[in-house]
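Colleague: Throw the hints in and build the complete structure from the sequences for me.
Chain by chain, the residues run as shown.
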Amino acid sequence: MADIFPVAFLYFLGAALLLLLPKGPARGSLGLLIPVLGGIMVWFLPEGLLWNVRFLGLELEFMRVDKLSRVFAVIFSIAAFLGNLYAWHVRDTMQQVAAMIYAGSAIGALFAGDLITLFLFWEGTAMASVFLIWARRTEGAYHTGMRYLIVQVGSGVLLLAGAALYHRETGSLTFEAMTLGSLATWFIFLAFGIKAAFPLLHNWLQDAYPAATVTGTVILSTFTTKLAIYALARGFAGTELLIYIGAIMTLFPIFYAVIENDLRRVLAYSLNNQLGFMVVGIGIGTELALNGAVAHAFAHILYKGLLFMSMGAVLFRTGTAKGSELGGLYKTMPLTMIFCVVGAASISGFPLFSGFVTKSLVLSASTKEQYYFIWFVLLFASAGVFHHSGIKIPYFAFFAHDSGLRPKEAPKHMLLAMGIAAALSIAIGVYPAPLYALLPFEVKYVNYTTPHVVTQLQLLFFSALAFAVLMRTHTYPPELKSVNLDTDWAYRRFLPRMINRVAPGLWSVWTAKLNFWQERFNDLVRSLHHTHGPEGRLASVWPTGSMVLWIAVLLAVTLVANFLSL
Amino acid sequence: MSQKRKEDPSEFSPLARLFLWADDPVKVNRMVYGLYAVCVLLFLADFVYLKTILVSAERIPGFYAIYGFVMCAALVICARMMRVVLKRPDRYYAPRDVESEPHPAADLDRIEHNG
Amino acid sequence: MAVEPAIEVTQIALTLKEQLPILQIVVPFVAAPLIVFFGSRSLTWPITFAASAISLWISVALLLQVADGGFISYQIGGWAPPLGIEYRVDAANAYLLVLISAISTVILPYARKSVASEVARRHHTLFYACYLLCFTGLMGVVITGDAFNIFVFVEISSLSTYALIAAGAGRDKRALTAAYDYLIMGTIGATFFVIGIGFLYMATGTLNLADIAERIAEHGGNRTIHAAFAFIIVGMGLKAAIYPMHLWLPAAYTYAPSAVSAFLAATATKAAIYVILRFVFSVFQPDFAFQSLALEFILMPLAVLAMFAASFIAVFQSDLKRMLAYSSVAQIGYMVLGITLLTQTGVTATIVHLFNHGITKAALFMGAGALALRAGSSFYDRIQGMGRTMPLTSAAIVIAGLSLIGVPGTAGFISKFVLVEAALDKGWWLVALLVVFSSLLAVVYVWRVFETLYLNAPAAGTIRQEAPLSMLIPLWIMALATIYFGFDTQLTLGAARTAAEGLLAGTTGMLK
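Chains as they are written, first to last, in the numbering used here: chain A, 1 to 566; chain B, 1 to 115; chain C, 1 to 512.
Rather than coming from a laboratory, the hints here were simulated on the basis of the structure.
Predicted model only: the values in this text are computed from it and were never measured.
We put the CB at the ideal spot given by N, CA and C, even for glycine.
The reader is advised that the hints may include incorrect statements.
As the list claims (entries may be wrong) - Below, computed lysine to any residue pairings styled on SDA-like, alpha-carbon distance capped at 25 Å:
#1 B:51 - A:430
#2 A:412 - B:108
#3 C:426 - A:55
#4 C:426 - A:185
#5 A:368 - B:46
#6 C:17 - C:42
To be verified - Per the computed footprint, the stretches of chain B lying under chain A, defined by three or more beta-carbons under 8 Å from a beta-carbon of chain A, are:
#7 13-23
#8 27-39
#9 48-55
#10 77-89
#11 99-105
Modeller: Right, dumping it as structure tokens:
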């Protein structure tokens, strides 16, 4: 198998080649070619452990191919292709290289057969992706990127610590199904949880994604969180705790999404909510549920990318993505609007759109395993998703009150990227069999039954009804220029404030204590000098003198310790 | 606003003209009544097919409809109340936040329609 | 393989191969006065470089002879120990010999331009003579098997180091106080060391390390020997700049000429660490070291303290060279930590970090010197934005900086990895965590450098020109070495394992 090499290297090679090519179509074409080549390679790879390297006495498996990693790699390749197509107009080397390395690292992590390789690529995604935020090149973006990087690298450090402990406990570094219990597995679980945006660990996502560039957000939305979903599916399938974590994840972001003004941040909240569905599926852990989680991740990458692309196009043409500033754009951006509606219909799970055929796998798994309460929560979350992503996003951007903005339609390459994503979303919704064939387990599930279609339509139309009634009675919260507090308040506001308040106090106590002891110490040294050193009064030898004293003290302590141990 | 009045809808693409009803309050009203009608029909549809009951709540006629409506209304009202506590001016985290700064022009391509 | 020393009959070594241990010292030692004797500035540098290169060749030849775990014993003048002086080469010190001579040989081409810009021309002959003496001293400390001889070589290297640091006075007068401080401190350290040796002589009646080890093994420890242990550890700890005996180091490295900083940072403290290793594991029995509270309860906390305290200080520095100096103190903490673990993996970590940190720091100090050449000094506000005006130098600094942090794929990662592994093996997972956390501090101070170089506009009045090729090539050799040794661990880790095995075998490594 000498001709097989890690797919990630193809992307890294692509990133290096990008630097050699002139800015413009040549680079754009390479950006499209690499995901295509990578995709073909992923498609035809045989299963098994295909490529490894010995390093520090560890066997690093770079290419573990099985159905689970392959299906994720396929959708990552498609997403990389669409993201680069969408970014065709970008002439910024930093973003292009970062996007390439980011996609390569994410795919590399999918094929990692051991925890160390996983860690390497895990950190690779963190390091590369932050440049998509910094590429905005403003002060706010710099600080946001820093926060993002600290969280992401923190996740990597936890993963490494967990891997080291895991190696100690089990003697193995293979990345396989684990059970929570030991410190090691908790560390790894937490590392995954940070990237998967578990409740309370989630806020980096909403903080960072709207801060990236127009194209950067589209690329960011694909990889990091879904990589974490993959890692959870591989490592912690069937962990019951995940069901409850996932249920909370589907719930709380929808409240925030309703009152959030920045439409790209609304999408970030709804992304968080969609991850919840996948986490629940992984937590249930049956074949049906895992299929559901994976299929949902697949469909999700497409429609969420599509939604981010449409909002990106609006931002690209108007300079803002805030609901309070937008409205009435359908007049001049009708295609973008239609693609956005397709994305909205998909995420809401309208029959004939992709969300319908994937989300239902998770929902029906929850009833089969008799998690009825969870089922109620997920049903509520589905209705809520329709409310904020399905209606709010297209409505406030393209309809609502006329903002007077008359931007030109999005550029052709963006429309093409959105068109492909939209077509795929509909294709999956109409004919899910090819997607089902890719899933890790055999699918014996029929989507299009009368009850399923009717009940889903009831749920959605009555949600729409609620929206219409609330709008007409002016109960619906208007879009306002504002930010809403979330857990990031703790480290962006509370902690710095506390430090500012407590630090001076602590500092004065510290210096007072320090001064006290320093005085005593100085007195001691001074008296020693006075009696022992002829030039003791000279200030110039002070530093040397104190150094010498340190040595004397140390020698004394060492001697005592030695004698004690005799 | 006055500028908008002078706008000639025929400048828009044929596709966009299909949606011009959205600016006409009468037609929007018609659409909303249409929505009401669809909802009534869907509710009634619940009585004409054989249900497969997995969760006992599904026995309630129009369960999905009622659940969807009530929960969504509750969602919006709760969110609205949350706003009282959580809302802050958009310069709250400035300058260490992108919310308060304009999106850099270098990343954009702002072109007016027909401009 | 090893030349068996005859006990009764004095064996005269005849072949060149057998004379290698003494040539290792004699070549640079003779070259130093030669430079002064010729007095010609045009010959100075070539002679220095030739001496260093020959030393490198000899040390590699020696390492190859002992790489399988044997040792070479060379008796000076044919006088058998304990009467005569013995040079004893095993994997541990052959490894160090290669490190020191290789770094010297790479730094010298760099030094030519750097020294020309920082030291007055009329001092060049004496400067290089001192450099060779310092080099000889360090090599001698490592190669000799005689306790008193170690002291002599320590003094040779120290005295010449004082002069080398003072040579920075042309640029900044504070070099003189730095040299003076170091002189006081170094002298005290050496005095403690010689007192320790005196105690050992008193207790065992011999100065040969192997003999001392043998006697201690036979008779066990007593108060005198314990006192000797304390004096030697503290004395050498001072030369090694173990926290808090590091106070001389930051000023010395900051104000010394850049080439000297690079050379000293990469080699001088490493030689002292080697002596500590040698004494702790070979001379005193390992059992003795195990029993001693000094290592676990004094040196270990100090090492951890160094990792944090010095790193914190480094974070707040505004001068690149000073920052690097404090980071050295922190890195020495890692090496000492490896020793205090008293396990084979721990000692391996120390030895491999000696090497990896040596090349990393050499690259960084060379980079700092190159920046200072164009910017006038290495203060952050002078070198800011030089990522654009000196892209090659800055890129090399970035690579070495990553290695300093311990990013996977660089040499720094290997040693930290082994150290963490050693701590975990011993069950000190808290210590392992601390190592990881202190690396985060390295991220901060290295990041500040990156930020200064790349995210700020260049300062006014700096020369916007890349460093000369004679400086860039050695710099890049070192920078690429940090990457190379991040992947090929056979040479570094392999040799370090053999060396640690030999050291941990305790007296058996020393006795026949």
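Colleague: Does each hint fit the structure? Answer for all of them.
Modeller: Hints versus structure:
1. Restraint check for residue 51 (chain B) and residue 430 (chain A): the C-alpha separation of about 23 Å stays at or below 25 Å, so the hint holds.
2. Between residue 412 (chain A) and residue 108 (chain B) the CA atoms are separated by roughly 15 Å; this keeps the pair inside 25 Å, and the hint holds.
3. Pair hint residue 426 (chain C) plus residue 55 (chain A) holds up; C-alpha atoms about 22 Å apart against a cutoff of 25 Å.
4. Distance check on the hinted pair: residue 426 (chain C) and residue 185 (chain A) sit about 21 Å apart at the alpha-carbon level, within 25 Å; holds.
5. For the hint pairing residue 368 (chain A) with residue 46 (chain B), the CA-to-CA distance comes to about 23 Å; that is within 25 Å, so the pair holds.
6. Note on residue 17 (chain C) and residue 42 (chain C): the hinted pairing is violated, with a Cα-Cα distance of about 32 Å set against a maximum of 25 Å.
7. For the segment 13-23 of chain B, the proposed coverage by chain A is satisfied: 8 residues have a C-beta within less than 8 Å of a C-beta in that chain, meeting the threshold of three.
8. Proximity of the segment 27-39 of chain B to chain A, defined as three or more residues with a beta carbon under 8 Å from a beta carbon of that chain, is established by the 5 residues found.
9. Taking a C-beta to C-beta cut-off of 8 Å, the segment 48-55 of chain B contributes 6 residues in contact with chain A, enough for the three needed, and the coverage statement holds.
10. Counting residues of the segment 77-89 of chain B whose C-beta sits closer than 8 Å to any C-beta of chain A gives 11, which meets the bar of three, so the coverage hint holds.
11. Only when three residues or more bring their CB closer than 8 Å to a CB of chain A does the claim for the segment 99-105 of chain B stand; here the count is 7, and the claim holds.
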